[in-house]
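Enquirer: Let chain B serve as the given structure and place chain A on it in line with the hints.
Protein sequence lines correspond, in order, to chains B and A. Under the numbering used here, the first residue of the first sequence is numbered 9, with each subsequent residue one higher. Under the numbering used here, the first residue of the second sequence is numbered 1450, with each subsequent residue one higher.
It is worth saying that the hints were derived from the structure and are not from the lab. It is possible that some hints are incorrect.
[Unchecked claim] List time: in silico EDC-like cross-link candidates among lysine to aspartate or glutamate, alpha-carbon distance up to 16 Å: (1) B/68 with B/95; (2) A/1507 with B/80; (3) B/68 with B/47; (4) A/1590 with B/124; (5) B/68 with B/80; (6) B/73 with B/47; (7) A/1507 with A/1472; (8) A/1555 with A/1523; (9) B/92 with B/80; (10) A/1489 with B/95; (11) B/131 with B/89; (12) A/1470 with A/1483; (13) A/1507 with B/32; (14) B/68 with A/1523; (15) B/68 with A/1472.
The model shown is predicted, which means the values in this text are computed figures rather than measured ones.
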Amino acid sequence: MINKLWGILILFGSVHLICLGKYELLNEQILKSGKTAFEMCIQLFPLISLWLGIMSIAKKSGLLKRISKILEPILVYIFPDIPKGHEAFGYISSNLIANMFGLGNAATPFGIKAMESMNSINKNKKVASRSMITFLLMNTAGVTLVPTTIISLRLMHGSNNPSIVILPCLVISFLSLVCALIIDRLFALR
Amino acid sequence: MSSLLIPIFVLSIIFYGYYKKIDVYSSFVDGAKEGIVMTKNMFPPLLAMIFAVNIFSKSGVINYLLFFLKPLFEVLNIPFEILPIAILRPLSGSFGLGLLNDIYLKYGVDSFISVLSSVVQGSTDTTIYIITLYFGTLGIKKIRYALWVGLIADFIMVLLSILLVPLLT
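Only chain B is shown next, with the shape it has when bound in the complex (with noise of 0.2 Å):
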């Protein structure tokens, strides 16, 4: 799936930089992607340590568990195929609680902790397992408490309301989710 859409991408974007003639600008974006990337990982490997190390300390002292406890009653409707008490709930309240508080950078070393503890109960690693999709659809479809990029941007071009988007956002996101997850149910149960 995943290389069927990379080659597509390529395809039709640099087919159409070359019909154009656009050649020095096909050269810039394949050589510039590295650097992007690069910098992208260096913008987010101290934050994932931190992250990471922080989630240690929570696990070890037993807060992991407890936090895990306040969402397990519904995640376990959510990801029925997670046994429950398993440690993996204890990640996916994290991200779900990170993503809340518009904590980004915190989400993704949690989420992908949570991916690793579910992929540690899948039957084929190389698979991505139910729980696993279910929990990446919370993560796209995400809900946003305050989109603060966009208000800050709406902020900067002098916006008379700029705070109108966040209820719009919240309920849209919400309702999005929901039929996210019925969709997922659906495709699972096919």
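Expert: Same frame as chain B, now just chain A:
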């Protein structure tokens, strides 16, 4: 107030560790060590995806798709201007933000189009990026129906925005 959120979060975890009498310092160092491996595993899939998405989004090939979809949007009385952002949002967050900036400049930040586009940009995360980051880092080869459901959810989000933004603002 919100700038106190992270300190409260971090400090309460650290001092809960001391309260439980665990070796807080070693736990932190052990956990932080994993950051190197995680970032190292993250780089190759991220590079691959940024490479393809950059070529695609900068090429302008999307304009052909827009050309064919325009009549449909006019028939349905949906503002056509949100289409580029709706299509490119699942591929690239920063590209979506760039388009949003252009829309603000062109139509004014408080216009209906601008608010609608803001909601489309703000109500989802970049589907391709999350798949790359979460599945790529772990070395998952088969993602099954993940991409489909992700894109269907994004499509539903755009429809809901068109329907609900006039009611909610």
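Enquirer: Has the given pair, residue 1470 of chain A with residue 1483 of chain A, been kept, meaning a C-alpha gap of at most 16 Å?
Expert: 23 Å, violated
Enquirer: Within a Cα-Cα threshold of 16 Å, do residue 1507 of chain A and residue 32 of chain B meet the stated pairing?
Expert: 12 Å, holds
Enquirer: For the pair supplied as a hint, residue 1507 of chain A and residue 80 of chain B, confirm whether the alpha-carbon distance does not exceed 16 Å.
Expert: Between residue 1507 of chain A and residue 80 of chain B the Cα gap is close to 43 Å, so the pair fails against 16 Å, i.e. violated.
Enquirer: For the pair supplied as a hint, residue 73 of chain B and residue 47 of chain B, is the alpha-carbon distance within the 16 Å limit?
Expert: Measuring from Cα to Cα gives roughly 35 Å; hence the hint is violated.
Enquirer: Are the Cα positions of residue 68 of chain B and residue 47 of chain B separated by 16 Å at most?
Expert: Violated, at roughly 32 Å.
Enquirer: For a C-alpha distance cap of 16 Å, please report whether residue 1507 of chain A and residue 1472 of chain A respect it.
Expert: Violated. Residue 1507 of chain A to residue 1472 of chain A sits at ~51 Å, over the 16 Å cutoff.
Enquirer: With the threshold set at 16 Å, check whether the alpha-carbon distance from residue 68 of chain B to residue 1472 of chain A stays at or below it.
Expert: Measuring from Cα to Cα gives roughly 9 Å; hence the hint holds.
Enquirer: For residue 68 of chain B and residue 80 of chain B, compute the direct alpha-carbon distance and say whether it is at most 16 Å.
Expert: 19 Å, violated
Enquirer: Can you confirm whether the C-alpha distance between residue 68 of chain B and residue 1523 of chain A stays at or below 16 Å?
Expert: 58 Å, violated
Enquirer: Are residue 1555 of chain A and residue 1523 of chain A close enough, with their CA atoms no more than 16 Å apart?
Expert: 20 Å, violated
Enquirer: Does the structure keep residue 68 of chain B and residue 95 of chain B at a Cα separation of 16 Å or less?
Expert: Holds: residue 68 of chain B and residue 95 of chain B sit about 12 Å apart, inside 16 Å.
Enquirer: Holds or violated: residue 1590 of chain A and residue 124 of chain B, Cα atoms, limit 16 Å.
Expert: 14 Å, holds
In the structure shown, a violation is registered for the earlier hints numbered 2, 3, 5, 6, 7, 8, 10, 12 and 14, in ascending order.
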